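With the sequences and hints as input, model every part of the structure.
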Amino acid sequence: MLGKEEIAKRIAKEVKDGYYVNLGIGIPTLVANYVRTDIAVEFQSENGVLGMGPFPFDGEEDADVINAGKQTITTLPGASFFDSAFSFGMIRSKHVDLTILGAMEVAENGDIANWKIPGKMVKGMGGAMDLVASAENIIVAMMHVNKAGESKILKKCTLPLTGVGCVKKVVTELAVLEITSKGFKLLERAPGVSVEHIIAATEAQLIIEGEIPEMAID
Amino acid sequence: MINKKVNSVTEALQGIEDGQTIMLGGFGLCGIPENSIAELVKKDVRNLTCISNNAGVDDFGLGLLLQKRQIKKMISSYVGENAEFERQMLSGELEVELTPQGTLAEKCRAAQAGIPAFFTPAGYGTEVAEGKESREFNGKMHIMEEAYKADFAIVKAWKGDEAGNLIFKGTARNFNAPMAGAGRITIAEVEELLPVGSLDPNEIHIPGILVQRIFKGEKFEKRIEQRTVRKK
Numbered sequence: 002m003l004g005k006e007e008i009a010k011r012i013a014k015e016v017k018d019g020y021y022v023n024l025g026i027g028i029p030t031l032v033a034n035y036v037r038t039d040i041a042v043e044f045q046s047e048n049g050v051l052g053m054g055p056f057p058f059d060g061e062e063d064a065d066v067i068n069a070g071k072q073t074i075t076t077l078p079g080a081s082f083f084d085s086a087f088s089f090g091m092i093r094s095k096h097v098d099l100t101i102l103g104a105m106e107v108a109e110n111g112d113i114a115n116w117k118i119p120g121k122m123v124k125g126m127g128g129a130m131d132l133v134a135s136a137e138n139i140i141v142a143m144m145h146v147n148k149a150g151e152s153k154i155l156k157k158c159t160l161p162l163t164g165v166g167c168v169k170k171v172v173t174e175l176a177v178l179e180i181t182s183k184g185f186k187l188l189e190r191a192p193g194v195s196v197e198h199i200i201a202a203t204e205a206q207l208i209i210e211g212e213i214p215e216m217a218i219d
Numbered sequence: 231m232i233n234k235k236v237n238s239v240t241e242a243l244q245g246i247e248d249g250q251t252i253m254l255g256g257f258g259l260c261g262i263p264e265n266s267i268a269e270l271v272k273k274d275v276r277n278l279t280c281i282s283n284n285a286g287v288d289d290f291g292l293g294l295l296l297q298k299r300q301i302k303k304m305i306s307s308y309v310g311e312n313a314e315f316e317r318q319m320l321s322g323e324l325e326v327e328l329t330p331q332g333t334l335a336e337k338c339r340a341a342q343a344g345i346p347a348f349f350t351p352a353g354y355g356t357e358v359a360e361g362k363e364s365r366e367f368n369g370k371m372h373i374m375e376e377a378y379k380a381d382f383a384i385v386k387a388w389k390g391d392e393a394g395n396l397i398f399k400g401t402a403r404n405f406n407a408p409m410a411g412a413g414r415i416t417i418a419e420v421e422e423l424l425p426v427g428s429l430d431p432n433e434i435h436i437p438g439i440l441v442q443r444i445f446k447g448e449k450f451e452k453r454i455e456q457r458t459v460r461k462k
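Going down the list, the sequences are from chains U and V.
The first sequence lines up with residues 2 to 219 when you count with the working numbering.
The second sequence lines up with residues 231 to 462 when you count with the working numbering.
Calculated from the structure, these hints are not laboratory results.
Keep in mind that a hint or two might mislead.
[Stated by the list, open to error] Below 27 Å or equal to it, Euclidean Cα-Cα: the simulated BS3-like pairs (lysine-lysine) are: (1) 461/V x 157/U; (2) 148/U x 95/U; (3) 362/V x 170/U; (4) 124/U x 170/U; (5) 303/V x 117/U; (6) 370/V x 156/U; (7) 370/V x 186/U; (8) 121/U x 303/V; (9) 5/U x 452/V; (10) 370/V x 169/U; (11) 14/U x 170/U; (12) 462/V x 5/U; (13) 452/V x 235/V; (14) 298/V x 124/U; (15) 124/U x 462/V; (16) 462/V x 117/U; (17) 370/V x 95/U.
In this text, all values refer to a predicted model and were calculated from it rather than measured experimentally.
Next up, the structure:
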């Protein structure tokens, strides 16, 4: 079973040379730490920066330079700042190649829910609805089951939707799943996790073809 | 030069009344018009509708107006950082319209640009689309969103001149740029207010035509919400 850092490591392998990438809050933010250093990748944050770098050194933080998680950041050579309308313009017009975000539920038709639990948690959708509606390539980083042990990989989402038919790939602590026109296809399993374990932890039907390889993390 | 300079925040905020709709720039606590917010608290205007991406934290930003129950309705995309907000919303004291962030930004920009409405795919198939016209373009479904109508837009910039020209710093540009000119009257509070001719016209982010009143903020706390650093 993978930890959060290992989920991020596995997703980092999906980031290709020349990609502009938007990272959501939580596990997705960690992905930046594991992208190969021999390829050119720029990170976009929807509050208005391209070319995000690491956190600043202690004492060098600037209240005017933050990411969408409101964390202080730095910029790399070649970076640019822009306003929020412009930022979502480049997202809508598909100039951002890959979006990585978290989810509470994903369904076999690619629907995603990650912004609201009616009556309990209402924080808002932030930029998630805009990102999932426009991105060509969306990878979800999430836990396979919730704290009560119930599957979050479903036939149909039960929570209010963030977007419809948009998710392409899901990486969890147990597996890598691809969303095909026929539903979830099991691509890889976490080291030491059996196919049976994944089936038991998944409410949706899984398409399983041949031997399922273990994820390569390092 | 048409002079937009006013001498105090009190003068800048003249005409703001109970029940009005006010846009306020900023993302989280980054780039919020903190001097104007403090003045709104002092003025004690009530029943406001506030359009702002976030609602501040409990004791800073729009959280200060929420504490005093000056806000009737909040239009935002993300409000997770404010416990008092969540309490007022869940108890029904506060009306809340949650809007996807890109849509919120574009509804401001549309108002700034004189466009009454636009189509976006964001929110299609979700509760955000309820009651809105939807239409297919290039094989994809979109929903129609209308430009905001606000009495005042209050933005914060780094540098400005007496003609109302504005330059922002870093990610503090955020909603401040698309909100400038998106209200009937736009008020800009700036860290540095310079005489005309001091700013290079090539570097102006927002031209003064969109700004009716500009003033130098007395004090900027610039609070950081998530101080994340690494060791040297």
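Going down the list of hints, with the structure as the test:
no.	hint	in the structure
1	461/V x 157/U	45 Å, violated
2	148/U x 95/U	35 Å, violated
3	362/V x 170/U	30 Å, violated
4	124/U x 170/U	25 Å, holds
5	303/V x 117/U	19 Å, holds
6	370/V x 156/U	23 Å, holds
7	370/V x 186/U	25 Å, holds
8	121/U x 303/V	20 Å, holds
9	5/U x 452/V	32 Å, violated
10	370/V x 169/U	17 Å, holds
11	14/U x 170/U	13 Å, holds
12	462/V x 5/U	25 Å, holds
13	452/V x 235/V	23 Å, holds
14	298/V x 124/U	21 Å, holds
15	124/U x 462/V	35 Å, violated
16	462/V x 117/U	39 Å, violated
17	370/V x 95/U	14 Å, holds
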